[in-house]
Structure formats: C-alpha cells, structure tokens
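Asker: Those sequence lines, one after another, are chains A and B. Residue 275 in this note's numbering sits at position 275 of the first sequence, and the numbers go up by one each step. Residue 13 in this note's numbering sits at position 13 of the second sequence, and the numbers go up by one each step.
If a hint is listed, it holds; no wrong ones were tucked in.
Only pairs whose alpha carbons sit at most 20 Å apart, straight line, appear in this in silico EDC-like list of lysine to aspartate or glutamate:
#1 A:Lys78 with B:Glu189
#2 B:Lys195 with A:Glu98
#3 A:Lys58 with B:Glu189
#4 A:Lys58 with B:Asp187
#5 A:Lys161 with B:Asp187
#6 B:Lys176 with A:Glu169
#7 B:Lys179 with A:Glu169
#8 A:Lys80 with B:Asp187
#9 A:Lys149 with B:Glu173
#10 A:Lys58 with B:Asp175
#11 B:Lys198 with A:Glu98
#12 A:Lys257 with A:Glu230
#13 A:Lys79 with B:Glu189
#14 A:Lys78 with B:Asp187
#15 A:Lys80 with B:Glu189
#16 A:Lys78 with B:Asp175
#17 A:Lys84 with B:Asp187
#18 A:Lys79 with B:Asp175
#19 A:Lys58 with A:Asp25
#20 A:Lys84 with A:Glu120
#21 B:Lys176 with A:Glu98
#22 B:Lys179 with A:Asp77
#23 B:Lys179 with A:Glu98
#24 A:Lys149 with A:Asp175
#25 B:Lys196 with A:Glu98
#26 A:Lys79 with B:Asp187
#27 A:Lys58 with B:Glu172
#28 B:Lys198 with A:Asp100
A few chain A residues that don't get close to chain B, going by computed Cβ distances all over 12 Å:
#29 Glu192
#30 Ile251
#31 Lys258
#32 Glu271
#33 Arg273
Think of the hints as simulated: they come from the structure by calculation, not from any bench. Note that the structure is predicted; figures quoted are calculated from it, not measured. We treat Cβ as the ideally placed atom computed from N, Cα and C, and that holds for glycine.
So you can see what is in the structure, the chains are spelled out below.
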Amino acid sequence: MALILDHVDYVYGGDTELAVHALKDVNLVIPDGQFIGLIGHTGSGKSTLVQHLNGLIKPTGGAIYFNGEDIQDADYDKKKLRSKVGLVFQYPEHQLFEIDVFSDVCFGPKNLGLPRKEVELRAYAALKQVGLEDAFFYQSPFDLSGGQKRRVAIAGVLAMKPDVLILDEPTAGLDPKGRDEILDQIANLHKEMGITVILVSHSMEDVARYVERIIVMNRGSVLYDNVPGEVFKHYRELEQVGLAAPQVTYIMQALRKKGLPVNMEVTTIPEARDEILRVIRA
Amino acid sequence: MLRDITLGQYYQAESVIHKLDPRVKLIATITFIISLFIVDNIAGYLIAAIFLVCVIRLSRVPFRFMIRGMRTIVFLLLITVVFNLFLTPGEPLVSFWKLTITKEGLRSASFMAVRLVFLIIGSSVMTLTTTPNNLTDGMEKLMNPLKFFKVPVHEVAMMMAIALRFIPVLLEETDKIMKAQIARGADFESGNLIKKAKSLVPLLVPLFISAFRRANDLAMAMEARCYRGGEHRTKMKPLQYKRRDAEAYFVLVCYLAVCIGANVYL
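All chains, please: the whole structure from these sequences, using the hints.
Answerer: Have a look at this one:
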C-alpha cells in the first residue's frame with residue numbers, strides 16, 4: 001500500500017521550441033500514513049508532480065504505481081484512483097459552484113455513485129472534520145469568508161474518503177491566524193484518520209512544525225528527501241535555490257558559532273527551547 | 001487540453017512583416033480578403049497564392065503555426081464543400097444514388113474551399129505577426145473618423161484589447177477548474193448530450209465567477225491609475241508611418257491591380 005514514482009519525466013509542449021522539462025527523473029516512495037512536506041520554489045515542478053499522483057497528467061516517461069498497480073494501465077480505474085488520492089488545488093475555493101455549502105461537498109461522493117444517504121453522511125462528516133459549524137451548511141458558499149471557503153473546498157475532497165490527501169499550497173493568501181488554523185486542522189486529520197498527507201508549500205516555516213519528511217524540489221528534480229532536521233542542515237544550499245530554512249535553524253547556527261554546542265536538528269520553537277535549556281544546564 | 005486555439009496568438013520573430021505598422025497589416029488583410037472574393041478564375045487564385053506564400057516567407061513564422069488555425073474551421077470547410085458540390089445546378093459530371101456532381105458544383109466547391117483556407121491563413125498571418133496591443137492600436141487609429149458620428153472608438157478598441165488579452169488567461173483558468181473538478185470525480189466526456197451539458201455546470205459557474213472577479217479587479221486597477229477613457233489620452237509609442245509602410249502599400253496596390261487585371265483579361 002504505497003505510492004511509488006519510478007523514473008518519472010514530464011515535458012510540457014513537447015513538439016514546439018517552447019518545450020519545458022518540468023520533471024526530470026523523479027523517484028519517490030510514499031508509504032502509507034506519512035506526513036510529507038513537498039517544498040520548492042515557484043516553477044520547481046511541485047504542482048506538476050502532484051498532478052501526476054492522481055492521474056491528471058500523464059508522465060512523458062517513467063511509471064507511477066498505486067498499491068502495486070500501474071496507474072497508466074488502460075484498464076486502470078482512474079475515477080477510483082482520484083477518490084483514493086484526493087488532490088486539493090491551489091485556491092480551491094475557486095472551484096465551488098453549488099447553491100449551498102452542503103451540496104458542494106456532496107459533489108465528490110455523488111460522482112463516486114454512492115447511495116444518497118452515504119453521500120450525505122460523508123459530506124456531514126467531512127464538514128465536521130474541517131471544523132465548519134452547522135450554521136454555515138445551508139448558506140451559499142460565496143457568502144463565506146476566505147478561510148471558510150477554503151475549508152469547504154477541502155471538505156469537498158475529504159468527503160471522497162481518500163487514503164492520500166494532497167494539498168497544493170493550502171495556506172496561500174490566508175492571514176497568519178487562518179493559516180495556523182488550516183495547518184492545525186490538517187495535522188489533526190493526519191493524526192485521527194491515519195491518512196497519508198502531502199503538503200505542498202514554498203514555506204519551510206509552515207511545514208517544519210508538522211511534517212515528518214521533507215522533499216525539496218528544484219528545477220524538476222528531487223534535491224533533498226529526508227527528515228526535516230537533516231534537510232535543514234543544508235540551509236546554505238536551500239538559500240541558493242530560493243528557499244530558506246526555518247528561523248530556528250538560523251538561531252541554532254548562530255548559537256553554535258558563539259560556542260554553544262546545541263544540536264542542529266531541532267526544527268520547532270519548543271524543541272529549540274528545550275535544547276537550549278538542556279545545553280545551558282549541562 | 002485547450003491550447004489549440006491560435007486566435008490572438010503572437011509569434012515572436014524578427015521580420016519585415018512584424019515591423020510593419022499595424023494599420024498596413026489590417027488594410028492589407030482586408031484587401032487580401034476582398035481580392036479573394038473578386039477573382040473567379042484559376043489565374044487569380046494563383047496570384048493570391050503566390051502573394052500569400054511570399055508574405056509568409058517574409059514573416060519567418062513557421063508554416064505549421066498558420067495551419068493550426070485551420071483545425072477550428074475544418075467542420076465549416078467540410079459543410080461548405082459538400083453543399084457546393086452537390087447542390088449547384090448545371091452540367092452533370094458524375095451521378096450516383098440521388099446525388100449529382102456538376103461541373104459548376106465542382107468548380108464552386110473548390111473555389112470556396114480555396115477562399116476559406118486562404119482567408120484563414122491570411123488573417124492568421126496578421127494575428128501571428130502583430131501583438132494584440134498593436135492590433136487594437138491600429139484599429140483605433142483606422143476607426144478614428146467614426147468619432148465624427150459619436151462612435152466611442154477608443155472604448156471599443158480598449159474592450160477588444162482586454163478581450164484578446166484575457167483569452168489565454170481564461171483558457172488557463174478553464175483548464176485549472178476542469179482539473180480540480182475531475183479530481184473530485186467529475187466526468188466531462190461520457191454520457192449523452194443532456195448529461196454532458198449538465199456536467200458543464202461545475203465548470204461554467206466557477207469560470208463565470210472568476211471572470212467577473214477579474215473584471216472587477218481590472219476595473220479597480222485602471223481606476224487606481226486614473227484611467228478615464230480616450231479623452232486627452234496620449235500614447236507612449238504613437239503609431240507612425242515609416243518608409244517601409246509606404247512601400248508595403250505600394251506592393252498592396254500592385255497586387256490588387258494584378259488581381260483585377262487577371263480577372264478581366266484572363
């Protein structure tokens with residue numbers, strides 16, 4: 001039970017002079033239940049990569065396996081794949097269209113051909129999971145605030161009960177409070193339902209607190225693929241590709257320079273606090 | 001998915017045709033189209049073909065880009081040819097079942113086909129070698145006399161410029177929304193006509209909303225920069241005729257004269 005990418009290549013506009021090599025020889029294994037941060041600068045190929053995972057884009061080279069089956073096979077059920085690998089696009093609130101919130105969330109499960117009762121149960125559960133109150137269920141999605149709309153859109157994908165949930169920049173354009181709320185909610189989903197979550201972002205700060213593994217993309221290739229602490233050790237190289245390590249990494253680095261032997265692998269503020277206290281007390 | 005539409009697509013290249021004043025290209029395109037409907041013999045079409053080939057060579061735009069625009073009119077072309085072929089009365093040539101192909105039918109069908117193909121290629125040469133901005137600037141200048149009749153020339157040109165500018169943006173948006181709904185299990189391909197039309201709702205509603213949102217944002221941005229229409233508005237790069245434009249007009253007049261000549265004497 002896993003997603004496997006085997007030498008995946010993708011070229012945009014293959015037959016013209018404007019061809020862009022968006023993905024170059026990407027090899028990844030994504031086991032069940034992991035919480036992964038997929039990070040890269042704008043144009044690094046991260047959005048292209050995630051669209052391969054549910055079969056929206058066909059790779060121009062290589063293969064993708066989901067639970068041991070090649071998703072490019074002619075008789076592979078793409079619809080089922082898309083219900084199992086849920087993809088929440090950037091600015092997902094732009095895809096809302098129904099007259100009320102509840103019907104919009106029902107769209108996904110309804111497309112799976114489930115009975116009406118099951119559809120409604122799933123929609124209800126999904127809306128609860130993203131923390132939307134009952135009062136909003138029968139309002140027009142267009143009357144909600146930006147953060148609420150985004151929750152509804154995420155619920156729309158969750159209602160399909162995916163095993164893998166991919167979120168493409170779920171916090172883009174939200175204020176710090178909205179951002180933290182959404183990220184906390186996603187972390188909760190991962191904890192409670194045990195699903196695989198892939199969080200696409202260009203902000204290390206956002207993902208460092210939550211994920212257990214970071215994949216860094218640069219110009220269509222995987223640059224680093226490791227636990228956060230290890231990836232952030234390369235903060236100089238990260239800066240060169242237009243990214244940055246979290247502030248904590250820089251503080252720890254500065255402390256080390258001053259002669260305090262702190263461990264560089266801490267990634268969050270509480271961890272850093274404990275580490276500094278440990279070193280000072282020792 | 002939707003990248004095949006060439007309308008309003010500019011192909012960057014260094015060529016005489018690219019450098020020409022947009023007014024010249026507009027008038028030339030109109031003249032060329034008129035010439036296609038004036039001539040009615042093979043010699044005339046040969047002249048038009050030679051003219052077109054020369055212009056295409058001069059423009060340095062690969063020929064396959066011109067052909068791309070053809071895909072959209074294949075259906076129209078087919079209907080025109082079939083109707084002309086079978087429904088023109090005259091001297092019968094071949095006849096089977098209830099259908100008769102006449103000599104006149106064959107002639108008018110092939111002429112119609114050539115006309116349509118030349119028309120599309122001719123206008124693609126213009127759109128491929130002129131940026132949308134230049135094109136609308138040219139139109140604005142050409143339509144200037146209409147201001148006398150209280151036609152809001154500048155506003156019309158501005159609307160066209162905006163419409164052209166937003167074609168690729170809206171296409172990209174369509175692509176994105178389509179993918180987002182497919183990711184939610186939407187199916188845009190299977191089913192009968194009614195089901196297909198219904199399946200477009202999840203695509204069209206967000207698309208319209210986004211178009212309105214963009215229109216709103218654009219209007220705000222224009223107001224914020226004190227845009228207030230054509231009155232007293234000056235241009236950073238005003239259109240100015242150069243020597244090559246005069247030469248181009250001369251070539252155009254010669255072409256038209258030859259066309260008319262071929263039609264009258266051959």
